[in-house]
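Those protein sequence lines, which keep their order, are chains A and B.
Per this note's numbering, residue 3 is the first one in the first sequence, and the count goes up by one each step.
Per this note's numbering, residue 3 is the first one in the second sequence, and the count goes up by one each step.
Some hints could be false.
[Said to hold, decoys possible] Dumping the calculated EDC-like pairs for lysine to aspartate or glutamate here, alpha-carbon to alpha-carbon at most 16 Å:
{"no.": "1", "chain 1": "A", "residue 1": "LYS201", "chain 2": "B", "residue 2": "GLU107"}
{"no.": "2", "chain 1": "B", "residue 1": "LYS15", "chain 2": "A", "residue 2": "GLU215"}
{"no.": "3", "chain 1": "A", "residue 1": "LYS167", "chain 2": "A", "residue 2": "GLU198"}
{"no.": "4", "chain 1": "B", "residue 1": "LYS41", "chain 2": "B", "residue 2": "GLU25"}
{"no.": "5", "chain 1": "A", "residue 1": "LYS159", "chain 2": "A", "residue 2": "GLU198"}
{"no.": "6", "chain 1": "B", "residue 1": "LYS10", "chain 2": "A", "residue 2": "GLU198"}
{"no.": "7", "chain 1": "B", "residue 1": "LYS13", "chain 2": "A", "residue 2": "GLU215"}
{"no.": "8", "chain 1": "A", "residue 1": "LYS167", "chain 2": "A", "residue 2": "GLU215"}
[Claimed, not checked] A few chain B positions that, by computed beta-carbon distances, are all more than 12 Å from chain A:
{"no.": "9", "residue": "TYR16"}
{"no.": "10", "residue": "LEU17"}
{"no.": "11", "residue": "SER40"}
{"no.": "12", "residue": "HIS63"}
{"no.": "13", "residue": "ARG98"}
[To be verified] Okay, the calculated beta carbon distance ranges per label pair:
{"no.": "14", "chain 1": "A", "residue 1": "PRO15", "chain 2": "B", "residue 2": "GLN75", "range": "29 to 35 Å"}
{"no.": "15", "chain 1": "A", "residue 1": "ASP9", "chain 2": "B", "residue 2": "PRO106", "range": "30 to 36 Å"}
{"no.": "16", "chain 1": "B", "residue 1": "THR37", "chain 2": "A", "residue 2": "ARG106", "range": "46 to 52 Å"}
{"no.": "17", "chain 1": "B", "residue 1": "ARG118", "chain 2": "A", "residue 2": "LEU216", "range": "18 to 24 Å"}
{"no.": "18", "chain 1": "A", "residue 1": "GLY19", "chain 2": "B", "residue 2": "ARG103", "range": "32 to 38 Å"}
{"no.": "19", "chain 1": "A", "residue 1": "LEU180", "chain 2": "B", "residue 2": "GLN64", "range": "33 to 39 Å"}
{"no.": "20", "chain 1": "B", "residue 1": "ARG103", "chain 2": "A", "residue 2": "GLN93", "range": "28 to 34 Å"}
Calculated from the structure, these hints are not laboratory results.
Where is the CB? At the ideal position from N, CA and C, for every residue including glycine.
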Amino acid sequence: MLDLIVDHLYDDPTALGACCVVSKSWIPRTRKHLFARVKFNTTEFRIELWKKAFPDPSNSPAHHTRTLSIHDAPVIATADIHAFCNVVHLQLSNMDRTSLFLLRGFSPAIRSLSLIHASLGDFNLICSFPLLEDLELVTLFPMKDEDGWNTPLKSPKLTGTLDFKMFWRASSVTRQLLDLPGGLHFSKITLLFSNEAAKSVTDLVSGCSGTLELLTLNFYPRGAFLSPL
Amino acid sequence: MLSLDLSKASKLKYLVFLLRLAEPTVQWITTALQTVESKSLQRISIRTHDDVPEKIGEEFHQEWQDLDRQLVQFWTTHSIRPRIAYVPRKGEEDMRDHAPRLLPELTKRGLVDLVRER
C-alpha cells in the first residue's frame, strides 16, 4: 500500500520530500522517485553539495537516478560518478574534456546521450556505453589530430534517434560518426543544417541507408535568424 | 544551390521538412524530393510555425511553383498526399488562405492535407 501511495507521487518532489520525513520506512521507496532525475550545474545544484549530503558514494541514492544532467560542472571523482550506475538518460553540456573522460562507461545502462558544447573526444565516451541507442549532438568541437584522437575499437549499435544540430564543423563530426567501427543504424534522424552542411546530410543519410525510416530536415540559410520550430 | 541526395535511404517511410517562412526558400525541398527513391515512403510532411509572408518575391514564387509540381508528381507516382502542418500566429489568415497561391495545382486538385496545429 505504501509503495502504491509513493509511486503515485512520482512527479511531485514536494510531496515526496514530505513523505521522507514521515517515517524511516518511507524513505527507500521515496528516494527511488526523488532521485530518479538529478541535475548538476554551477549554481544551485552543485556537485559539491551532493558530495556534502552523501559523502559515501556507496551509500548514496545515486543508484536510483535514471536521468542525469550535468551542465558546466567539473565532474566529481570517479567513485562519485560511478555511484550513478543505473543512469539511462545522460545529458551533458559545456563539459571539459577531463570531466568527459571520467564519465566514460560509468553507467552501462545508458540508452540516450545528449552532448551539447562538447569536445569531439567524446566519441570515446559514446562508445563506452554499449546499450546506447539515441544521440543528440549540438555544437561539438572536434579535436585536432595532434590532440591524439583514438578511433574506438567498438561502438554501440545506435539504433534509435540521432538529433544533430550542425552548427559547427559538421563535416568533421559527421566523418567521425561514420567512422565508428559498428557503423550507424539510426531509424530516426533529425538534422538542423545550413548550406555548408548539405554534403554531411547526404553522408549521414547514406550511412544509415539500411535502417532510416523517419528523416526530419530543418534547413536554415546561412545568416538567417534561427527561430524555434 | 543546396543539393541533398536522399537516394540511398531505401527504407525511408516518413519525410519531414521544417520550413522557416521568414526565409521562404523551398528549392532545397524540391531538390531533395527529386532524389527520393525509397519504395517504402508513406508520408511527406512540411511543417512551419511561421506566418506566411504577405508577399513572396518572384524568385521564391518560382520555387513554390516547382515544389507544387514536384508534390503533384509524387501523388501521381507514389499516391502520397503531402501534409502541410502549420501553427498560425496572428490574424485570421492561415495556410488555407495562402495555399491556393503557393501550391495552386495541389490545392486545385485537392491533393494536400492542411493541418492546423494547436
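> For which of the previously enumerated hints does the structure constitute a violation, in increasing order of number?
Replying inline: 1, 4, 5, 6, 8, 9, 10, 11, 14, 15, 16, 18, 20
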